[in-house]
Amino acid sequence: MVNCSSNQNVKPVVKGVSYFLAHVPSMIRHGSKPSREIGRDPSLLPSILSHLESFDRAVAYAPNQVFIGNLDPDDLLHIPPPWFKNPVPDSSRWGPFGEIMPEEEFYGMMKICDEFQLLLMEEGFLQEIALRLKKHPLFTVEDLEKLDKGVSLEHIEKQLSEGEAVPIYVQGDQLIGCCKRPHGGGAEEDANLVPHILLENLSTRASGVLALRHLIDRLGGAQEIDYLLGCGEEAVGDRYNRGGGNMAKAIGELCGCTRATGSDVKAFCCAPVHAIVMGASLVASNIFNNVVLVAGGSFAKLGMKFQGHLRNDMPILEDVLAAIAIWVGQDDGKSPVIRLDSIGKHEIGSGSAQQAIIDKLVVQPLDRLGLKITQIDKYATEMHNPELTEPQGSGNVPRINYRTIGSFAVLRNEIKREELDRFVEIHGMLGFSPTQGHIASAVPVLGHSVRKMMANEMENALFLAKGSLFLGRVTQLSDGISFLLERNKGG
Amino acid sequence: MILGAPDADSAGLYAETVVSGDPSWAGPLANVALGLPVFHIMEPEIKAQIDPEVYKEHLELMEIALDVEKIAEGLDKVRKESS
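Protein chains in written order, with my numbering: chain A, 1 to 491; chain B, 1001 to 1083.
Derived by calculation from the structure, the hints in this document are not laboratory data.
Only a predicted model underlies this, so the values are computations on that prediction, with no experimental measurement involved.
Treat the hints with care, as some may be off.
Take a look, some chain A residues computed to stay more than 10 Å from chain B by CB distance [stated by the list, open to error]: (1) 55; (2) 87; (3) 282; (4) 468.
Which stretches of chain A does chain B cover? Using the computed rule of at least three CB atoms under 8 Å from a CB of chain B, they are [said to hold, decoys possible]: (5) 305–315; (6) 390–402; (7) 408–415.
Backbone N, C-alpha and C fix where the C-beta goes; we use that ideal spot for every residue, glycine too.
With the sequences and hints as input, model every part of the structure.
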């Protein structure tokens, strides 16, 4: 049991949340699953290329509009599925929570993040991108100087034919650059510094930077940030420090956070919620006033379920890198409060059955607070968009989670069994998140909850995240953590 | 083959894969009909073989959450088609 009674006078609050999507359909071929399958059967590539979505269609895709805050999750109830066939009219790339960026501009951000000249980009392409980024409100003169002049297409082709490099495309198959292997200091022989991994690290940093810049743009005060907690799924490091990390500081460096230090939290999909609990604790204990969590997108998960999408002759919708940034600060009398006496944790001795996990993350914390399951306005769980998962046989993940929570309410006689569907309607929502692992895990709901609580439209929401530790082949344990967010009743 | 899939669609997909071959033609079981007997762990035939205490601890809640009837209907269809 967590006892935070001594800290009750310093309430940690969520001051704001930002979300960023980079629409990178031409990168799908480099996602883990597509690249392995194309390696086995190169004839798959034309089929993949013919199932890519345009940027305009990605912007108009309803779940993406929910992600950046132009739509509420419940708006999806009124848009008939399949959502990819029902684009949102007059949709915008800009939203109250952030932005959807086209791949050309995102490559520019990757180049700005490239401090070791790993990316070679074609000169004409870089010139065009510099013009576009000049108009973007979150890019500076210093950023544009980092784009440099670029190289010829011949140089890129030569690098690809001679050296170990990964090609970078736009429009599916138009070559505009590559990521090469670094040289010196033993990097030539380092399995952790291969172009594929470096591309992943750069895309994680670039998407994280843009999420954090959006947050700072809205809330101000990059200098006020004391501590950055990275919670992405990348593993930055070399042969002696595989997964050494500190992506948090690398992201903060490009966001003007000169007073901040930071570190990364690693816990598979539930890292962001672990990080929220840690950040809230640092604030509550007065160690730091402002802690910001940041996570870039998962490059490896691009096109993860593309086979199901091709089988159903639908576009490959796992075409975005999703990033988040969350500002946790001291009580300001208005921002929603993270209840530190509500933390639920899956313990090493808890077992891995779903009901044991939900018991630890939902039932036991609510019992401690004297709340019923039905007294929580909304539950935020794994919010995977079912349109992405169902074609590959992975089911409707949020729906199963909501039904599991509701089943506890049945067992505890809070609702009748025939009221289970109604419970899911009231206390749940449709999945709208890209299948980006850590990003999909509860945190996509945070921005919407903060907005509603600030507008006095919601009292509370319980955030729970689960992790599959077995994937690393070290332990068979499960993982999970939860917290209650509550409307601020102060000042 | 005992499945734990959470809905009828995914249970049916997995069942078809191990009975008549991978319908997605994506994996090593494409066009390979193993013809295995396939059940969901919550179907009565399997549930009856599990210690009630163990079932209660690990599966009772999920039985409420899942539409076991629909899952069983889907698996019945796959089993009948293969017989």
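Tested hints:
no.: 1; hint: 55; result: 28 Å, holds
no.: 2; hint: 87; result: 25 Å, holds
no.: 3; hint: 282; result: 35 Å, holds
no.: 4; hint: 468; result: 14 Å, holds
no.: 5; hint: 305–315; result: holds (count 3)
no.: 6; hint: 390–402; result: holds (count 7)
no.: 7; hint: 408–415; result: holds (count 3)
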